[in-house]
Amino acid sequence: MNPTLSTSYHGIQLPHPLVVGASPLVDQLDRVRAMEDAGAAAVVMHSLFEEQILLDNLVEETFVDAHEDSFGEAISYFPSTCRIAPDADSYLARIARIKEAVSIPVFASLNGRTDRGWASHAAEIEQAGADALELNLYSQPTSDETPSDEVESKAADIVRSVCASISIPVAVKISPFYTSLPHFARRLESAGARALVIFNRFYQPEINIEDLTASSTLQLSDSSELNLRLRWLAILHGRQALDLACTGGVHSHTDVIKALMSGATTVQMVSTLLLNGVSRIGEILQRVATWMEDREYTSIDQLRGCMSHSRTPNPEAIERANYVRMVTSAQLRDRFGPVKW
Amino acid sequence: MPQSLPSAIKDANELVASVAFRLSENIVIYPITPSSPMAELCDEWAENGRKNLWNATPAVAQMQSEGGAAGAVHGFLQAGAMGTTFTASQGLLLMIPNMYKIAGELTPFCMHVTARSLATHALSIFGDHSDVMACRQTGFAMLCSGSVQEAQDFAAIAHAATLRSRIPFLHFFDGFRTSHEINTATTLDDATLRALIDDECIAAHRKRALNPDAPAIRGTAQNPDAFFQAREAVNSYYDRLPAIVEETMETFAHLTGRTYKPFDYEGDPEATDVVIALGSGAETTAVTAAALNRSGRRTGVLRVRLFRPFALDKFLAALPLTTQRIAVLDRTKEPGALGEPLYQDIQTALASARAEELVPPSFQPLVIGGRYGLGSKEFAPPMARAVFDNLAAPSPKNHFTVGIVDDVTHTSLEVDPDFSVEEDDVFRAVFLGLGSDGTVGANKNSIKIIGSATGAHAQAYFVYDSKKAGAMTVSHLRFGPRPIRAPYLISSAGFVACHQFSFIHRIDVLERAAPGAVFLLNAPGAPDTVWDRLPREMQETIIARNLQCYTIDAYAVAREAGMGNRINTIMQTCFFAISGILEKDEAIAQIKQAIESTYGRKGRAIVERNFGAVDTTLANLHRMHVAEKATARHSMPPPVDTEAPDFVRKVTGLMLAGKGDLLPVSAFPADGTWPTATSQWEKRGLARLIPSWEPDLCIQCGKCALVCPHAAIRAKAWPESCGTSAPDSFLSREFKSKDLPGHRLTIQTAPDDCTGCRLCVNICPAKDRANPSRKALNMTETEPVLENERTNYSFFLSLPETDVSHIRLDVKSSQLRRPLFEYSGACSGCGETPYIKLLTQLMGDRLLIANATGCSSIYSGNLPTTPYATDSKGRGPAWSNSLFEDNAEFGFGMRMAVDYKTRAARDLVAALAPYIGDSLASAILDNPQTDDPQIESQRAHVGSLLEKLPSLAPNPDALLLAPIASYLVRKSVWCVGGDGWAYDIGFGGLDHVLASNANLNILVLDTEVYSNTGGQSSKATPMGAVAKFAAGGKAVGKKDLGLHAMGYGHAYVAAVAMGAKDNQTVQALAEADAHPGPSLVIAYSHCVAHGYDMAHGLEQQKLAVQTGYWPIYRFDPKRHGTGEPALKLDCPPPKTPLHEYMHNELRFRILAQSNPDHASTLASLAQERVRERFAHYQTLASSATDTTTSAKP
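These protein sequence lines map, in sequence, to chains A and B.
For the record, in the first sequence the residue sitting at position 278 is 278 according to this note's numbering, with numbers rising by one throughout.
For the record, in the second sequence the residue sitting at position 1133 is 1133 according to this note's numbering, with numbers rising by one throughout.
It is worth saying that the hints were derived from the structure and are not from the lab.
Cβ coordinates follow ideal geometry from the N, Cα and C atoms, glycine included.
Hints are not guaranteed to be accurate.
Stated by the list, open to error - What follows is a list of derived Cβ distance ranges for each label pair:
| # | chain 1 | residue 1 | chain 2 | residue 2 | range |
| --- | --- | --- | --- | --- | --- |
| 1 | B | R482 | A | Q140 | 38 to 44 Å |
| 2 | A | G129 | B | T454 | 39 to 45 Å |
| 3 | B | K736 | A | L218 | 39 to 45 Å |
With these hints in hand, go ahead and build the complete structure from the sequences.
In structure tokens, the structure reads:
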């Protein structure tokens, strides 16, 4: 008997939990169609980066506009009707095009810069037809004047203002670098978030030791990155009503099953699709189903969260971030029950 | 009668293009100033799917030249389509052959021409009627409009009339003055156009199409028995045309309420003095006549609308029979003729009228003619009045000029500059700004705000600089309750704004300020200190004219508001706040609405940033304290140094001060020959930041000097003994070279000539290891170091030039040579000029340059000052520009002349060997002159020869040899130009000279677009790039010009990119010069039209090579027969994906915005082409491929 894979993710019913994560893959319509054909339950668009729009417009002002209206023979240097720098319109138009091209749910993604920008762009995204919105709360604090609470409060305020301005479900994509992630998750839920996407992957600096320069690079993930996600999925699962999406390091059907067992509602994949093509979705989905069938799981709900912090037989494996002799703590638990500090 | 029709505030180019687009099926285009905007708009509209009158999108095609465009026009007309084209000046001349054909075959067609000067003694991009008058014999009907409204209306009338008459139309209007003037106009909707066009005529035209289903033949060759009669068979069509035009104008009047006639008279119905003119000059003359008539004069103006065919009866019907004196104004010059074209026509018309008794015998008005407005020379009411005054004089001057002072042949009329016809209820404002500060853009925005808020009629006209970097703009804005008929500059403004403080020391900023006017000055620093910083002359003017002065530190406000250096919104806010043209609160609300409308789609942050700038502006705008008496002790400095040559001080200096109009004819060379090396006298002080040298870190590579586009950072190795008088702040360090012991090295900035582009700092490889952000060159604030650096640079120039003739040629040694191309007007960070500068460093003292029209001809030859310089011996590049299309041929001709003289000189040396000595003769004749030492040796031998020749004077050979002996030193002839020339319009000639054996060198500065005319696509434009004329992204790949040239086998060919491998560039230029046949060097040139910070141009060049987009190579025919392939690749196979290069440039990213799928497809295809091309080159280069070294500079 085929197991039931259907999943409800922040209120949207999906046939299974495998979602294509935010990436350039979604920029081309034919690839999005191929994702649907390969069986993707939903797609997440790459983010509308408000900061990128600002930067590109600054570039336009500085390096295009500044040369215009200067010289009689060249009043301008680009076609006047071209949008030179990107704006929100092109992103919104892409949502509409994708919605037209496929029938699976389309989740937009937004990385805002200004308070008004978050909310206003979110509203536009909803109007453009996105089924849900993933807020990409990327920020890199570099100032020693900014306390952590300020960072978290600002994030919660953003989520609150966005959720107040739209009615489609809002997921929040976060990084692992919060002091108290479970508490922060609760704040986000209170602010209106319906799901958490864990975790964002960041560009990392690369240093050229010969010419003393630094560059920024983003490598494709591998399965080793999954473990960090598994820990926090396990810790966060079941604490709030938030759905959890796992992203980063999911490359195989066993990765998917581990994520689900840790508590993920959905699992996003990008790197493996970039490496192996979008047909990989169907392969992994089939293997998940086969694995479940072989072990007589009838529903994905049976395994979701079974290895979470609250259910796993050895939660210290999830808690411990530093080396401690595992055998010692296991013996203590056997003797005294869960260890309290 | 017509309904109330919509109005718009637009320029003539846009309005005409709109009509032409809607009435065309096919449009062929080619860029040429000032018509390019019409072609650009049509291309964009077609790309966006806009429809013509028949609900189809016209097909728009760019051709390789105007000649090609005319051929394509002829073709689509023959095949039964309707269409248009746009052109001007030399472009129109290239169309003439086909114009004869199109007219001879009675083909309905309408072209739109922004009338412009023709290149004679000099090129001029500006307006006059030289070009259209050269077409009056082609058989085209010629319809002239004189205002923005008329240009639109006549475009429609011409399209309609050509269909009815079958005579093709040339519709023209004044370049810049009308084409670029923004004015309130009533627009023509589709219904009006539809009503104007006769569908039956369209059907008839289509029916005449060449069609194999109903075949016919045209273009036959006719013999003496037939040609003449057949030529006369068209007469009746021309006879009918004036009536058709008149009927079409009547229909148009019925539809729109605007009445025109083939000849329109305006003025006193019983005028005695009448001026006859074409174009915007007639408009100026008409408003002048009206003013004169109000004071009792009886004057009028007869506008010639339909110039060809010239309808005698309609002319006579328009001309008052009371006319006693006629002045005919021509905006062209026909040297040697009895008069200019319109004058001759009027004379002929009146003579014919009398002969045919069409007028009473007593009607014999005096007719004189004169010239005005050549090259957009200002023609304002004072000049028009001078024409009327001359006409009323007892002995009117015939063949006069007006608007200049001709103190040589005394043709000019006296002009009263104080005469004005400006009306009191018209608001007039003048703004002086920099192109880069957004002044013009803000003013375009302001007139739309005012026009829409008040319903006022608005006019804007912008005067641009001849420089591309640091270009000054002057905006002239008028607003009034009636249509504004004033096609001339504002001479008396109620509001004057100076957006750049530095201008007050360079030009008379208040020249156009009326008494009591409001004056706004952007001044840095505290507002209460501004008055004391004004030059004395300015203070005196402010007091004398009782100006109300305001000041703001706009750059400080911009920085505070996060606007960078863009002060446009700030200065616009000031204008609205203090000009009184709108109520202040309403004005601010309108500005914010405009900001919302302009930036709303770009995001809230940008809108809010601009809002913030508006609010902060009002808090920082101050009334300037004006003292009762002038208090300044400093005056405006002279425009050029007092040590400058006499000509520079008296002529160039006046032009630099903006007073060139005052120069009389006698001040000018009659043949267009000007002194070189004048840019050194124009100190513009553009850079807020300049490079500062850290000698301890410098590795003496010379890259900084190499890449400087303006020769504003230089390297010199100088003997230690010369350093005793060095200023204290003058820096140097030991020069590392075995060849020049005892020398020190200095890297010195020219602080007044640097444009602050940062290329030198970015290319500098030397870093402080403990703090890599500190390099051997770092940008520093100019102001604190300015005086010291001026002193240092002066001392630097006084040091002896480094003798490098015996040092191995490489980047380092090349940069110790004095550049003979300096301080040009090129864009800051220009990617072209470093190559030219290098060329002058390698061989500038024996260099002849033929320069194709384009960016390089403009920054090289646009007055007032020019950058080609001379060395200490007075030698330097000799330079000339012929045309756009003929540059290879032009250079070829130079080479022929040089070769002839060289050959003659050599023959004479051989003949004189017994007298000058066999050893000297052999030394001269046998010197191969392939490197610098040999060249220096040859110079010495020729010097000896010249010393001996006078003693041989009776010998006729000696007399013949003396004037040409310098040709015994090898000359290097280079054809320089851009890709528009080399790949497109001049390709035929270029190909021809490559196929020859001429020792001619070609340097193609490949920016991959027509940079000078604003970035139109060429055949060098790469796949996937968006450019004008390729608004949807270039769908085909770039032409491989180098591969084509290699195909000949005997030509030296190199592709270079200075930012990727600078030594290879040096080698390529030197090898091209040494190659005894044709040479082609294609130089990657980054350009502002690529859409990124030019400071990173060299890094982008490097990436272009690393991705395989721009493989660098040298194909040297001398390797033939050596066992080595002639082609040597100077870069390794690409390892970096192409998208890393493309992503850095807006020209590629634009397409990803508008059409991501198409962009992605083209990017993939482009990547594949790169791979294929490199593989092909590797095959050609075979074992010679350099795969062991990376593409490090």
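Going through the earlier hints one by one, which of them does the structure break, listed in rising order?
-> Number 1 - this is the single hint that the structure violates.
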